[in-house]
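Asks: Keeping their order, the protein sequence lines are chains A and B.
Position 65 of the first sequence, counted from 1, bears residue number 64 in numbering that gives the first Met the number 0, the numbering being contiguous throughout.
Position 55 of the second sequence, counted from 1, bears residue number 54 in numbering that gives the first Met the number 0, the numbering being contiguous throughout.
Source of the hints: derived by calculation from the structure; they are not laboratory data.
The C-beta atom is built at its ideal place from N, Cα and C for all residues, glycine as well.
Only part of the chain B face toward chain A is listed, based on derived beta-carbon distances under 8 Å:
no., residue
1, PRO388
2, PRO415
3, THR423
4, GLY426
5, GLY430
6, ILE499
Each computed DSSO-like pair below joins lysine-lysine, with the alpha-carbon atoms no more than 30 Å apart:
no., chain 1, residue 1, chain 2, residue 2
7, B, LYS513, A, LYS64
8, B, LYS368, A, LYS64
9, B, LYS492, A, LYS64
10, B, LYS492, A, LYS93
Restraint ranges, calculated between C-beta atoms of paired labels, are given here:
no., chain 1, residue 1, chain 2, residue 2, range
11, B, PRO258, A, HIS282, 43 to 49 Å
12, A, ASP279, B, VAL562, 24 to 30 Å
13, A, ASP279, B, PHE480, 42 to 48 Å
14, B, GLU259, A, LEU277, 51 to 57 Å
15, B, GLY573, A, PHE30, 46 to 52 Å
16, A, LEU260, B, GLY573, 55 to 61 Å
17, B, LEU170, A, LEU277, 49 to 55 Å
18, A, LEU277, B, VAL562, 21 to 27 Å
19, B, LEU47, A, ALA273, 56 to 62 Å
20, A, HIS282, B, ILE198, 45 to 51 Å
21, B, ALA518, A, GLY286, 44 to 50 Å
22, A, ALA273, B, ASP527, 28 to 34 Å
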Amino acid sequence: MNLFIVFFNVALAMLAAPLMWGITYRVKAWFAGRHGPPLLQLYYDIAKLMRRGCVYSRTTTPIFKIAPAVCLGSVLVALILMPGAGISSWFGFKGDLILLIYLLGIGRFFMVLAALDTGSPFEGMGAAREIQFAAFIEPSFILVMAVVGTSGGGLSLSSLFGGTGYHNIASTILAAGAMMMIYLVENARIPFDDPDTHLELTMIHEVMILDHSGPDLALMHYASSLKVWLYGMLVVMIALPTIGLFPFWLYWCALLVGISLVAVITGIIESAMARFALLDIPHILLGIFGMALLSLAFLLYR
Amino acid sequence: MGIFLFLIALLLFCGFASLLRIKGNNLIGIMGPIAAFAGGMPTVFTMLVSKSYIQQSINFPFPFGLCNFEFDIVSAIFMIPLLLIGMTAAFYGGCICKPEHAVPGRPIWFFFNLLMAGIMLILVSANTLMFLLGWEIMSWSSFFLICTYHRKNEVRTAGIIYFIATHIGVLLIITAFLLLQGQVEDFNFSSFLIPESGIASVIFILALIGFGAKAGLVPFHVWLPEAHPAAPGYISAVLSGVMCKVGIYGIVRILLLMPEHQPWWGWILLLLGAISAVYGIILALAQQDFKRLLAYSTVENLGIISMGLGMGVLAAEYDMPDISRLFFVGSALHVINHAIFKGLLFMAAGSILNQTGEHDLNRLGGLLKRMPSTATFMLIGCAAICGLPPFNGFIGEFVIFTQGLECLTHESWYLPAAAVLMLTALGLTGGLAMVCFSKLAGIILLGEPRSRAAEDCIPVNPGLRFPLGILAGLCLCLGIFLPLLLSDFMAWKISLIFIILIVLCTGLYFWRRKLAASAHNRTGITWDCGYVGGSNRIQYTGSGLVQPLTRFFKPLMLRKKSVKIPSGIFPDKGRWSIIYDDLILDAGYRQLFDAIKNICFKLRWIQSGHLNRYILYIALVLILLLIWELL
Chain A
0 MNLFIVFFNV ALAMLAAPLM WGITYRVKAW FAGRHGPPLL QLYYDIAKLM
50 RRGCVYSRTT TPIFKIAPAV CLGSVLVALI LMPGAGISSW FGFKGDLILL
100 IYLLGIGRFF MVLAALDTGS PFEGMGAARE IQFAAFIEPS FILVMAVVGT
150 SGGGLSLSSL FGGTGYHNIA STILAAGAMM MIYLVENARI PFDDPDTHLE
200 LTMIHEVMIL DHSGPDLALM HYASSLKVWL YGMLVVMIAL PTIGLFPFWL
250 YWCALLVGIS LVAVITGIIE SAMARFALLD IPHILLGIFG MALLSLAFLL
300 YR
Chain B
0 MGIFLFLIAL LLFCGFASLL RIKGNNLIGI MGPIAAFAGG MPTVFTMLVS
50 KSYIQQSINF PFPFGLCNFE FDIVSAIFMI PLLLIGMTAA FYGGCICKPE
100 HAVPGRPIWF FFNLLMAGIM LILVSANTLM FLLGWEIMSW SSFFLICTYH
150 RKNEVRTAGI IYFIATHIGV LLIITAFLLL QGQVEDFNFS SFLIPESGIA
200 SVIFILALIG FGAKAGLVPF HVWLPEAHPA APGYISAVLS GVMCKVGIYG
250 IVRILLLMPE HQPWWGWILL LLGAISAVYG IILALAQQDF KRLLAYSTVE
300 NLGIISMGLG MGVLAAEYDM PDISRLFFVG SALHVINHAI FKGLLFMAAG
350 SILNQTGEHD LNRLGGLLKR MPSTATFMLI GCAAICGLPP FNGFIGEFVI
400 FTQGLECLTH ESWYLPAAAV LMLTALGLTG GLAMVCFSKL AGIILLGEPR
450 SRAAEDCIPV NPGLRFPLGI LAGLCLCLGI FLPLLLSDFM AWKISLIFII
500 LIVLCTGLYF WRRKLAASAH NRTGITWDCG YVGGSNRIQY TGSGLVQPLT
550 RFFKPLMLRK KSVKIPSGIF PDKGRWSIIY DDLILDAGYR QLFDAIKNIC
600 FKLRWIQSGH LNRYILYIAL VLILLLIWEL L
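One chain only, chain B, in its complex shape (with noise of 0.2 Å):
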C-alpha cells in the first residue's frame, strides 16, 4: 500500500518540478509515469496472484481525519492501464521532438504527472474525500491537457463541453456519495451506511448517470469525440485508455460498496452499454476524422465492457455467481486489453496526423510504405480491437459472449432475454467494428497516396517505434498467453489454436513464396480494365467504403450535405461534403442548453444593472429571513 501513497507523492514532485525553469525539467517529468510503472507493476501482480486486500489507515490534518486506503484486485486491474499507458505515453511524448510539441513542454508533463497522480489516488483511496480530491484531480489536469493546443476555436469548445460533462459529473457523484455517507462521523467507505433500497436505487443511478459520463456511456458521451481529437495522440491514449475506465471503475466501486442490488440494475447497465456500443460504433463507422473515429471506438468499447458488468449484475441476481463472476472477469479483461490496443492507436494516429498534418482519412493512403512502423503497429491494434484471433481483443468478448450462451438455459425468461439481447449486440458491434477498422487500416495505411501530404510524409523518429511496439507487442503475447489465466475453462486450448494459426499462416506463407519464386514473376500496375486516366483520387475512400451502412443507419445520424454547383458563365470550383455528426449532441443536449440559455435570458431583467435595486433585493430577502425566523 505504502509504495502507492510514494508513488502518489513521486508523481505529484515529478510535476511540479517539471515547472522549474531548470535544464533537464522535461525529463524529471517524462521519467515520473516511468518510475511509478517500474514502482507499481510489481505490487500489482503479487495482488493479482495471492488476490489478497492491503488496508492502512493515516491520520491526516483537518478536514480529513482518519482517512483509509485499500488496494483490492479491482483496484489492481485498474491500476495495470495506468501504469501501462501511463509509461508507454510518457514514454512517446519524450521522443516527439517536433516544434509544436516542444512548445507546451512543461505544462504538457505538469499536468499529465497531476492526471496519473489523481487517477491513482481515486484507485486506492477507500474514503470519500480522498476520492473525490483524486477525482477532482483528474478532471482539472485533464481539462488542462484536452486544452494543449488552445489556440484552436474547436479545441477551445471541445475544452469547454468537457469541462461542462465533467462538472455535472462530478455534482452527480458528491450527490450519491453523500446519501450513501448518511450522519456519521468520518468519511471512509467502511462506515457507509446501508441504504434502504428506494435511496440505494437513488444512489445507483446518480453514480451511474455520474461515472457513466466520464466513462462515456451514451447518451452522456457527448464530450468524448470532441476531446479526444483536440488532444495531441499520447494525451488521448491516456484519456481513452486509463481515464474513461475510471468511470467503470466507480460504476464497480458502488456496486460493491451497496451489498443488495436490484435485478433492474443490470438491465439499466446492460441496455446502455448495448446502445453505447451500437451507437458508438456505427458513429464510428461514419467518421472521417480518424481521431474522432477512435473516440467514437472508444465509446464502443466501453459499451460493451458495461454490457458485461450489467449481465454479471443480473446474473447475480438469479443465482449464478459463478456466471456472474465470469461476466466480470470478462469485462475486466476487457478493460485492460482495451487501453492497450486504444492506446497503441491512438498514439498511431498522433504519429500519422503530425507527419501530415490531415484529420481528414480519406486524404490519406499508402503510408504503409512510407511509415513502415507506425502502420505496421498501427494494423495489428486495428487487428486487435476487431476482436480478431491470436491478438488480446478477442479474449474479453469471448469470456462475455461464452457466459452469455450459459445464460440461456436458466429457467426464469428474463435472464435467456437479457442474454439474446446481449448476444445480438455484440454480435452486430463485432460485425460493424470489422467494417470501421477496416476502413481505418485499409484506407490510411494501403492503396495509393490521396493527397500531397500523405504522399510527401515521411517516417517518425525511431525512437516512437518502442512505446508503439511494446503495445503491439502484448497485443500478441497477451492475445496468446491470456487464455491461460482463465482456468475455468479449456482456455489453454485457445492458446494452443493460436499458436497453430500462427505457425499455420506463416508456413503457408513461405511456401507460397517459394513456389512463385521458382515461376516467372512481373510487377505492373494495378488492373483498371485497360483504362488508364485514373489519378489517385479514383480509389475508394472511407465514406465510399461505409456509404451502404451510413445510408442504411441514416436515422441515427445527423447528416449535413453540403453542395456547391458550380455555375455562371465562369463557374468556380464546386464542392461537395457530406458530414455524420451526433444526433445526441446537436440535436439532444445543444437543443437543452439553448432553452436553459433563453430561459435565462429571460431573466435577466432582475440583474438590471441599478445598485438601488439590489439593494432593495436584499432588503427583501432580510425581510422574508426574518419573518422565516418568527413563525
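Extracted from the complex, chain A is given alone in its bound form (with noise of 0.2 Å):
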C-alpha cells in the first residue's frame, strides 16, 4: 500500500505538474483579458525541446551538464517521500522532512553552480538573488516543517495527516500562510520575482537558465514545475490537514484541485500585485519567519 502512494504521487506530479504553468498563466490573461497561451503550453514546450539540439558554451564544465539531471533528480526523490490518502510514504521516516528540505537545496545548490558556471554577468545576478533568498527562507521553512512535525505527531511528513481535524485553527492558518509564501519564493514569483520581466531587470530563476537549451531546458523547466507541484502539495495539505480523512480516490482529486487552487491564486496574486522592491525582499522574508514563528508559538501554547 505505501509503495502504492509512492507510484500515484510521483505519476500524478509527473503528469499533472506542467499543468499548473498554464492554469496560472490563463488566469493572468483572463485579468489581464487577453485569450493566454493554452493550457498544456508547457507539455508542448518540454516535448519541443527534447527534440532540439543543444547550444554549449566554450565556458562551460561537465557541471552544466550535470545540473539538469540533478535538479529533476533531486526534486523526484523528494516526491517519493510525500504522503498521500492519510498513509505515509513507503520511504517515510522520522525526520523525513528534514531530508526534504535538503533534497530541495540540491537542485538549487546545482542550479547555481551552474549559473555561475557560464561566467554570465546576468546569470551571476540571478544565482546571488537565488541564494540570498534561499538563505533567509530556509528557517521559515524549518519552522513550518516544525509545526507540520509536532502538530500531527511524529516528526514526518506523513503527520501532515496525522491531526483528524484543526486543533489548533491560528497555527494553521499561519502555518499555511507561511507556507504559501514560501511557495511563491522558492518558485520565484510575484511578489518576490518577475518571471516576465526583462533579463537584467528582476529575473531571479529565468535568468539563471538562460544558457541552457535543448533538452538541458526541458529537464530544467520540468524539474521547475514539479518544484511547483511540490510546494503546492505542501500547501493544500497543511491548509486542509481533514484532506487525509477522504477516501482513496477522492483524495487524489482533491489534491488536483487544490493544487489547481493554489495555481489560480498564483495567478490573482500576480494579476494583482507588483513585485516588491528587491531591497525590500529580505525584510518581507523576516515577515514570513514571524509568521511561522508564531504559528509555533500558538501550538506549542497549552
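Once you've looked at the hints, go ahead and assemble the two chains, each given alone in its own frame, into the complex.
Replies: Here is the structure:
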C-alpha cells in the first residue's frame, strides 16, 4: 500500500505538474483581458525542446550538463517522500521533513553552480538573488516543518495527516500562510520575483537558466514545474489537514483540485500585485519567519 | 591502551629523527603519522564496536607519580580525525615538492609529529599533569607550524595572536583543573573531588573559555581566521580538523568529570554555539581570501557542534536521556565529518594557492578545467560542508535537527524555547553556508579565469590526488553508510534514498546525453545579449555574489572601504576596494589590549633604570614582608 502511495504521488506529479503553469498563465491572461496560452503550453514546450539540439558555451564544464539531471532527480526523490491519502510513503521515516528541505537544496546548489559556470554576469546576478532568498527562507521553512511534525506527532511528513482535524485553527492558518509565501519565494513568483520582465531587471530563476537549451532546458523547466507541484502539495496539505480522511480516489481528485486552486491564487496574486522592491525583500522574508514562529508558538502554547 | 603510548613514543621518535641531518629524514617524519594511522585505527574500531573502556596506570618518576591513562568511547571518537587527517596531511605534505615547501622541511615534520603526539597524549590521559603536558606540546608545536612562513609580516602577526590566545586559554584551563583538584595526593582524574554547585559553575565557565578559545567559539575565535590562512594548506587541515576539535574534547571531558550539571550550562553552550555558527558563516561569506573563508567556516561548524552539546546538556537536565544521548551522537558525527570535509577543502585550497599564488578568490576562476582532479574533490567538499545529501555533512546536522524537533513537545517551556532557537540558528546557518560555498566553488572553479595567474595555472603533482581522493571518497561513502549505524531511526531508509538519488541522477544524466547526442549540437560563447566587448573581468565576482547579504549584515562586520578616484590632468589608476573584517578582533580585543597597553605605559615610571631606585624597591619589599610577618 505504502509503495502504491509513492507510485501515485510520482505519477500524478509527473503527469499533472506542467498543467499548473498553464493554469497560472490562463488566470493572468483572463485578468489582463487576453486569451492567453493553451493550458498545455508547457507540455508542448518540453516536447519540442526534447527534440532540439543544444548550444553549449565554450566556458562551461560538465557541471553545466550535470545540473539539469540533478535538479530533476532531486525533486523526484523529494516526491517519493511525500505521503498520500492519509497513509505515509513507504520511504517515509522520522525526520524525513528535514531530508525534504535538504533534497530541494541540492537542486538549488547545482542550479546556482550551473549559472556561475557560464561566466555570464546576468546569470551571476540571478544566482546571487536566488541563494540570498533561499538563505533567508530556510529558517521559516524549517519552522513550518516543525509545526507540521509536532501538530500530528511523529515528526515526519506523514504527520501532515496525523491530525484528524484542526487542533489549533490560528496555528494552521499561519502555517498555511507562511507555506504559501515560501511557495511564492522558492518558485520565484511575484511579489518576490517577476518571471516575465526583461533580463536584467528582476529575474531570478529565469535568468539562471538563460544559457540552457534543448533537452537541458526541458529538464530544467520540468524540474521547476515539479517543484511548483511539490510546494503546492505542501500548501494544500497544511491548509486542509482533513484531506487525509477522504476515500482513496477522492483524495487524489481533491489534491489535484487543491493544487490547481493554489495555481489560480498565484495567478490572482500576480495580476493584482507588483513585485516588491528588491532591497525590501529580506525584510519581508523576516516577516514570513515571524509568521512561522507565531504559528509554532500558537501550536505549543497550552 | 599500550598501543597508543607506543604510538606517542613512535611519533616523538619520528619527530626527532626527522631533525637529523641524514638522507631520508623527511621520509621518517612523514612515516610517523602514517604508522600512527595504521597502528591506531584497529584499536579505535574495536573500541567503537565493543563500546568498552580501557584503563592503565603507569608509575612515572617525580613529579608525575602514578599516572592513569584511559581510552573510552569519547577518546575514540576524537581519535578518528586525529589519525585520519594526520595521515592524509602527512601524505599530502610529502607529495608537495615545490621549493618553497622544501626549505622548511625538517622543522615542519618535527613539529608535525610533535603536534600529533601531543594531541594523542591529551586524548588518552586521565591525569591532569599528562593532559596539560600534552596541551602545551600541542600549543607550542602548532605555533611553530603556523609560523612556517615566518618571513612574512602577516604570518608573524598571526602567530603572535595565536600565541597570546592559546596562553590565556591554558591559564584558564590550569585554574579550572586546580579548582577541580582540591587537596589530594595524586593528579589523576579519578581522584577528583565532587565540587559543590557554585565552584562547579566557576570551573565550567573557566574551562568553557579556555577550551572554547582553542575550539574557536565566538568571541574567543579571533586567532583562528588569522592563523589558518598563514599556515600551509595541509597544516591548516590539521589545525582546523583536529586541533580545534580538541577544544570540544576538553569541554566534553569537563562535563563528564562533573557528575551534576546546571541547566544554564546547556544554555550557555547553546547560545555560544548559535552565535558562533551564525556569526562565523556571515563573516565567512564576506571574505575574499578563500583560506580565511574556510577558517571562518570552521568557527561556524564548531558552533554547530557546540549547539548540539548544549542541547544535549539541556535535554538531560529536563529528563530526556534518550534525546540527550542522540544530541551527543549528532555532535560526535559532526566532529568526524567536519574534520574530513574541512581537511579536504583546506588541502585543495592549499593546492590552488600553490599553483596560482593568489589568495583572493575574486582573481581566480575556471580552475575546474585547469586542475580537474583537485577541483572535483573541492566540489565534493563544498557539497558535503553544505550538508547536502548524499554526502557526509548531512547526517550530523540531520540528527541534531530531528532531536531539536523532538524537544518541542516537552512540557516545560524552556526546552522548546531552546529548541526553537537551535532550529532557527541551524536553519539560517545552513542557508548561509550554501551561499558561502556556492561562492567558493562557483567563483574559483567555474567560469573564466579572472587573472593571469589563474589562466596559466597547471595541474598539481599527481601524487596529491591520493590524499584528497581518500577524503573525497570518505565524504561520499560515509554519507551513504553512516546512517546505517544509527539504530534509533529507520535510518537505513536514508541510505536507500541516497542510493536512489545517485542512481536516478546518473540515469537522467546519461538519458539526457543520449537525447542530446541524437540532435545537432553546437558550441559557442556564453549568451551576452549581443554585447561582444566583454572581458573576463565582466563576470560576477565573489563579492558581487554575496553583496545582497553583506549589505544586510553590515552592522555585524567592520567594513573597510578604500577608494582612490582618478583625478588631475594626468590621472593615474583608480582603485576601489571593500574588505569586511572581524568586529570582535578590531573593535573588541584591539581596543581592550590597547587600553591595557596604555595603563602599562602609565606605570613605566616605576621602571626608571636607576639602580639605586631598584635597591630601594627591594628594601621596601623586605620591610613590608617583615611587618607582615610580625603582625
